[in-house]
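Asks: Please take these sequences and the hints and turn them into a complete structure.
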Amino acid sequence: MAQSQEHSQEHSQEQSKDFGFGEEQALLKDQARKFIEDKQPLLALRAATKGTEDPYHGGERPGSFDVAAWHEMVALGWTALAVPEAAGGLGMSLVTAVAVAEEIGRGAMPTPLTSTLQSTFVLRQASEQDAKSQQAIEWLKKIVEGSSASLAIQGASGSLEVDATDITVKNNKLNGVAYYVQDIQKVDFLVVSAKEAGHLKLFCVELNAEGVDVSYDRIVDLTRDQGRVSFSDVTATCIAESGEDVLNGALPALLTLVSADISGGCEWLLQTTAAYAKVRTQFDRPIGFFQAVKHPIVNMMIAVDESRSLTYAAAAAYDADSDTCHRAAHFAKSNASDSAEFCANRATQLHGGIGFTWEHDVQIYHKRVMHSQQLFGDGYWQRQMAANYL
Amino acid sequence: MTGQETAEQKEFRQQCRAWLQENRPPPTAMPLPQAAYEVTTQAHRNYLVDWQAKCFEAELIATDVSRDYGGHGHDGLQQIASSEVRRANVPYFINWIGLGMAAPTLLIHGTEAQKKTYLPTIFTGEDIWCQGFSEPGAGSDLVNLQTSAVRDGDNWVINGSKVWTSLGQLAKYMLLLARTDKNDKYNGITYFIGPMEHEGVTVKPIHKMTGEAGFNEVFLDNVVIADHMRIDEVGLGWKVAMSTLTSERGAAQGVGAVASSNSPFAAIESLIELAKRKTRNGKPMWDDSLWRDKLVKLYERTEAAAQNARRTRINALNGGAMRIPLQGKVTGTELGQELHQLALSMLGMESSLYIGDPNAENDGSWLLGYMNTYTGTISGGSSEIQRNILGERVLGLPKSK
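Chains as they are written, first to last, in our numbering: chain R, 1 to 390; chain G, 1001 to 1401.
Treat the hints with care, since some could be wrong.
Straight line, CA to CA, 25 Å or less: simulated SDA-like cross-link-like pairs of lysine to any residue [unchecked claim]:
id : chain 1 : residue 1 : chain 2 : residue 2
1  : R       : K29       : G       : P1325
2  : R       : K278      : G       : K1294
3  : R       : K29       : G       : K1294
4  : G       : K1294     : R       : E341
5  : R       : K17       : G       : I1314
6  : G       : K1185     : R       : R285
7  : R       : K170      : R       : L76
8  : G       : K1399     : R       : Q291
Note that these hints are calculated values from the structure, not bench results. This structure is a prediction, so every number in the text was calculated from the model and none was measured.
Replies: See below:
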């Protein structure tokens, strides 16, 4: 036991011992938690789904997105925090973004913040390493000004390789369909991957551009929305000539942000289940007395703690530009995906009948973390990817 | 929380590293057992005591302990010394119970005289300590212990028996829990320094499922102990024991590196190496996604344990001071067990070959290691008890008893 206590020091000697998580990050995280608690994001969602014949509204999410809160988040600087200073942003670390993403997950808040942060890291990568650096900076400026964004990089097969797009480009015109685009009802522009003669490039395009057509998926996660976007002869700005390098470079950040969201959600599932086990009485005792209930709750805690630690480690590795940052991010998302499945499963089971009902918030978190489990690939996929670095 | 080392700390780290590099002892004629608690022979004892004494002189042990108690009187250097010891892949310290449990207990609960008398020889390794907590009828339910201590003037007379006593055959002192009041379960226990060389103490080895003798039964038959060998007040033994167990579970600041010398990644890395070398269906096992998935998962979880330790030090991220440290015992031991189970599956029929068989992979050490993982998951509070503790102390769930 004691031997693992010190090990991390050597293992990550090139990185900070504290993940680069200092006073500033602690304050921001605290601010994010209070802000989200104050907004009570699930109340609006509840109101929008109550007493309706189809609580899913055919995939639409009327009323669940608190636009006023979004403007406040922009004003607080949350969308600009990872934007490089060259584009007018705060130029802060992935660890800082992860601190906020974890709170979004804990509150299960319907918001395009995580998608916007992910788009930011792709654009940031392009601005640092691609010939189209200037164009990337221009779109980063839009984020600082309050635009939200999402990634349109997946094809119909749902394949997870970075070059899995079905969209083609010729003479700067995009054609084809992008699938599984997150937060499509909330965002202003898209970062699109497309192939030109088999070569992957990245583009930015406003959602309201001519030739862009959106249809909504009917997804089970109530806190998110998703859709497919078809492009017919859409004029777009190229922001990366070497799309594969840029996407690969940003991949650790994309995975780590989802892992942070999951970690926050799983912590909520843990705390809520533990609280319920203290008050729900059966056989004359609170059910948390029984080891058949107590031990799986402890196992949830062990799972969440592994995921959180690996998530912060992955963020720190990315910030330090470490050789191990891809492996660390695959570890984090593998672990978080497994925690998502396990914690959702145990939370619902241990709540008994009430956990299975629409009325209880456990179902909302259950569906959110299940959705996150698959985003950018589940544990099995991540481990196949991580193996390439071992 | 800063990760920055002072100039003094940096210099000390360099010193430790250089010393360990230059003073690495030659290997023993008969290989050392896998863990310090399995040492049984005088030859290994002498070799390891000599090594610990050298490390003490090099200020790697008791680095931050006051000179009054035989320490080196530094401040903020122990952690550095310990991390360098672990990093150096050198033999373990035989007096791990003395360093990991007796010294922290005495430093918190001992009298001035006790600290001056017993601490110096714990640090040098001259006097080896063992732990006398468990009894035949008091394992996980430790508070049920029955060994009695009856006052007789300035002395106490001890009767009873202890079991699973690692190093019992080599120890000079025992951390002894005995019952001083039959009518009060928790407040009827008192903590003593038990002298192993006194009349009435009989040590009898127990053979483990591995075939090795590692630990012992200790019979206490009218053993007389002076009252000045009592630690803290009569009836406070349970509370003192809880602080000792906290040290054992890795939650307290130690006085020296207790654990073995291998990197926590050594086992999984050698298993991956095995997967790259062994073939099934005509290809390396590592190229088969089934084995890969399991191996990467274990690597990932080993990394998680290391990163948990890193996160423990950040108040804003650790979920409370004890939440992560109290998980270390159960997660570390269960992970080790899973890893060895996977090793045996990977070896297939070869896993049946034990130590001494010329065809056994790595002389049967995966199999031996597998069996020994139960020492970890059972002793020092079994995994089941650990989960009770975590549920109750960290999550505030109702006590199971």
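Asks: Taking the hints in turn, state whether each one holds.
Replies: Comparing the hints with the structure gives:
1. Using a Cα cut-off of 25 Å, the hinted pair K29 (chain R) and P1325 (chain G) holds, with the two alpha carbons roughly 23 Å apart.
2. Between the alpha carbons of K278 (chain R) and K1294 (chain G) the distance comes to roughly 36 Å, so the proposed pair goes past 25 Å and is violated.
3. Distance restraint check for K29 (chain R) and K1294 (chain G): the Cα-Cα separation of roughly 35 Å exceeds the 25 Å cut-off, and the hinted pair is therefore not satisfied.
4. A C-alpha spacing of about 17 Å is found between K1294 (chain G) and E341 (chain R), which places the hinted pair at or below 25 Å, so the restraint holds.
5. Between K17 (chain R) and I1314 (chain G), the direct Cα distance comes to roughly 9 Å. Compliance with the 25 Å bound is thereby established for this hinted pair.
6. Between K1185 (chain G) and R285 (chain R), the direct Cα distance comes to roughly 23 Å. Compliance with the 25 Å bound is thereby established for this hinted pair.
7. This hinted pair does not check out: K170 (chain R) and L76 (chain R) have alpha carbons roughly 40 Å apart, beyond 25 Å.
8. With a C-alpha separation of about 10 Å, the suggested pairing of K1399 (chain G) with Q291 (chain R) holds against the 25 Å cut-off.
Of the hints listed earlier, those the structure fails to meet are numbers 2, 3, 7, in rising order.
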